Amino acid sequence: MIPAHFGIWHRLGARLLQVSSWLVLLFLILPILVIVPLSFNIEPFFSFTEGMLRLQPEAYSLRWYQAIFDDPKWILAIQNSFFIGFFATLIATVLGTCAAVGLARDDMPLRRLITALLLSPMIVPLIITAAGMFFFYSELGLAGSYLGVILAHAALGTPFVIITVTATLTGFDYSLARAAVNLGATPLRVFFDIIMPLIRPGVISGALFAFITSFDEVVVILFMAGPQQRTIPRQMFSGLREQINPSILAIATLLILVSIALLITIELLRRRAARLRGSEADVPPAATS
Amino acid sequence: MAEQAGDISFLQFTNVKKTYDHKNLVVKDFNLDVAQGEFITLLGPSGSGKTTCLMMLAGFEDVTSGEILINGRSVTSIAPYARNIGMVFQQYALFPHMTIRENLAYPLKIRKQPKAQIRAKVDEYLALVELQDFGNRYPGQLSGGQRQRVALARALIFAPDIVLMDEPLGALDKKLREQMQFEIKRLHEQLGFTVIYVTHDQTEALTMSDRIAVFNNGIVQQCAPPHVLYERPANLFVADFIGESNKLKGVIASVADDTVSVRLDDGAQVSTLRANCSEIGLPTTVSVRPEKLTFTDRLGSAGNQVKARFITRHYVGEYIRYHFQTADGTELVVKNLNDSSAPQLSAQDEVALAWLPQDSQALDRQDVPTTL
Chain A
701 MIPAHFGIWH
711 RLGARLLQVS
721 SWLVLLFLIL
731 PILVIVPLSF
741 NIEPFFSFTE
751 GMLRLQPEAY
761 SLRWYQAIFD
771 DPKWILAIQN
781 SFFIGFFATL
791 IATVLGTCAA
801 VGLARDDMPL
811 RRLITALLLS
821 PMIVPLIITA
831 AGMFFFYSEL
841 GLAGSYLGVI
851 LAHAALGTPF
861 VIITVTATLT
871 GFDYSLARAA
881 VNLGATPLRV
891 FFDIIMPLIR
901 PGVISGALFA
911 FITSFDEVVV
921 ILFMAGPQQR
931 TIPRQMFSGL
941 REQINPSILA
951 IATLLILVSI
961 ALLITIELLR
971 RRAARLRGSE
981 ADVPPAATS
Chain B
21 MAEQAGDISF
31 LQFTNVKKTY
41 DHKNLVVKDF
51 NLDVAQGEFI
61 TLLGPSGSGK
71 TTCLMMLAGF
81 EDVTSGEILI
91 NGRSVTSIAP
101 YARNIGMVFQ
111 QYALFPHMTI
121 RENLAYPLKI
131 RKQPKAQIRA
141 KVDEYLALVE
151 LQDFGNRYPG
161 QLSGGQRQRV
171 ALARALIFAP
181 DIVLMDEPLG
191 ALDKKLREQM
201 QFEIKRLHEQ
211 LGFTVIYVTH
221 DQTEALTMSD
231 RIAVFNNGIV
241 QQCAPPHVLY
251 ERPANLFVAD
261 FIGESNKLKG
271 VIASVADDTV
281 SVRLDDGAQV
291 STLRANCSEI
301 GLPTTVSVRP
311 EKLTFTDRLG
321 SAGNQVKARF
331 ITRHYVGEYI
341 RYHFQTADGT
351 ELVVKNLNDS
361 SAPQLSAQDE
371 VALAWLPQDS
381 QALDRQDVPT
391 TL
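If you read the sequences in order, they're chains A and B.
Numbered per our numbering, the first sequence spans residues 701 to 989.
Numbered per our numbering, the second sequence spans residues 21 to 392.
Keep in mind that a hint or two might mislead.
[Said to hold, decoys possible] SDA-like, lysine to any residue: derived pairs with alpha carbons at most 20 Å apart: (1) Lys773(A) x Leu922(A); (2) Lys132(B) x Val890(A); (3) Lys132(B) x Arg889(A); (4) Lys355(B) x Arg329(B); (5) Lys129(B) x Arg889(A); (6) Lys135(B) x Arg889(A).
[Unchecked claim] These stretches of chain A come out as covered by chain B in the derived footprint (C-beta under 8 Å, 3 or more residues): (7) 878 to 888; (8) 894 to 903.
These are calculated hints, taken from the structure and not from any lab test.
The structure presented is a predicted model; accordingly, all values stated were derived computationally and were not measured.
All C-beta atoms, glycine included, are put in the ideal place defined by N, C-alpha and C.
This is chain A alone, in the form it adopts within the complex (with noise of 0.2 Å):
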């Protein structure tokens, strides 16, 4: 809304404003969007053909989605991404759930300096963690093997776990581990029964964060993945040199569609997280009976 004090030119200016910022949107998201429909093509083409701009039903088709699931490379490559996805994110998720719990104690010393190492991953350009991971798993013997790759992904996944877990223990009430204590319980029993459910919300989208990485990740499978451990964003790369066709697109859109339901998880978890936090009245779902 432009208000009503405007003049002309502010009314312009306003107005040019509007238009560039949406112009700077469809620049961002075109290229993701127009994989979309030319998933969808019924002729091995990367462009759109003239039945495809008149909506013609019989311009599209639904067989490069068929032709990723007959394609054993594919398949191969799918079961590598959840596989590998799955247990990087659960080592990723235990590790950093740890180091963010042992982080946040007052008494932990050298703090910055071991956060600061334990980010770095992400802020280490990867081409360059992954030539250093090379290297030094070569070295273990584990290049080239899914425990290898497994681990590589778990390092690149650790530190969104420890942002996201440190983020719901700031503002936790330590008396509550204080009182567990008292009443009784062990170090690992408040571990579990008090400080566990109650970070859960920041743990569980460290672990989704931890996942896209690894499922999104194609740099450090590059240098570490042998032709046994290639995952769809592998197989997507070598299928861009190797075989030009549209079965790409079709696994491009699968991958959108994985991603967007991945963030829209962690969004509501951040808003379920932020009404335990905000209002304490608000916690229980249902429990009034």
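Add chain B to chain A, keeping to what the hints say.
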């Protein structure tokens, strides 16, 4: 009440000291013997070390030196979770993700009591704090007073040897606070547990405690039953901190057993009880409670008298506060019951303020050791 019963050394603090930075002592030399079933209050301004003592007993802070003994056994050898001490926190510290029933059951579950027994215990304690209908609610759905009652029940349900309360009523409004004071006293008398209660609210301390330890600067200034604390404060700090007191400066003229005669700065000679004041010829302060001081002639010529001019009066309701000033500028306050027979005063009227020698004391500030 189990006030005088039981072993005096049920809970014992001996020469307990605490420092956080290896320079300043937060608790300087804490000694206290608590009998089983006793209600002890640690009272003092914030930062006086009272909460630290509680935290050391609960095991959340280390003891720098000295010893805390429960039944003759040093607590430092027992892990905090194994001390069997209940605690009520200022902000309740109820587990927000558990229902009230689950909160109460938690200490029993940890102690691996059978399910049926836990259910019965939880029912019993819900009834005890009159929250039978709230068992399935979450803490967030209760009012402040109700949460406080849950916190209390949770601290008691596992039958701890000692219950610690850290300013448990600080977050409640005045009416609820008084109601909860009554509630805590009722449970204490009914169940007979030992209480260490921390507060900075002197009224709360006076109404609830068997004995009160007044803290200042990490030192216990006086530890005594409420009426002794109020009527016979051991030093000026206690006289000031507990209730109000009028202070008249003077020099000790003569000393006889437990009374002294003091020449006040404005020339009047008064006789008063001797507390911790020094020797003849040294300065001291005579402390009189505002309600013991009167400008009516109900004391006749029996008491001490000082001359003062009337300044103003404040109407409080059940009583009226009269403000006076002596010739040397000392301000004096008289609390008089709202009594229509009291003489009417107008500003600058000069009156004689009288009190009985046994209602006043000659006091000094207590010197406190401050080194490690």
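Results for each hint:
no.	hint	result
1	Lys773(A) x Leu922(A)	holds, 16 Å
2	Lys132(B) x Val890(A)	holds, 16 Å
3	Lys132(B) x Arg889(A)	holds, 13 Å
4	Lys355(B) x Arg329(B)	holds, 16 Å
5	Lys129(B) x Arg889(A)	holds, 11 Å
6	Lys135(B) x Arg889(A)	holds, 19 Å
7	878 to 888	holds (count 10)
8	894 to 903	holds (count 3)
Hint compliance for this structure: no hint is broken.
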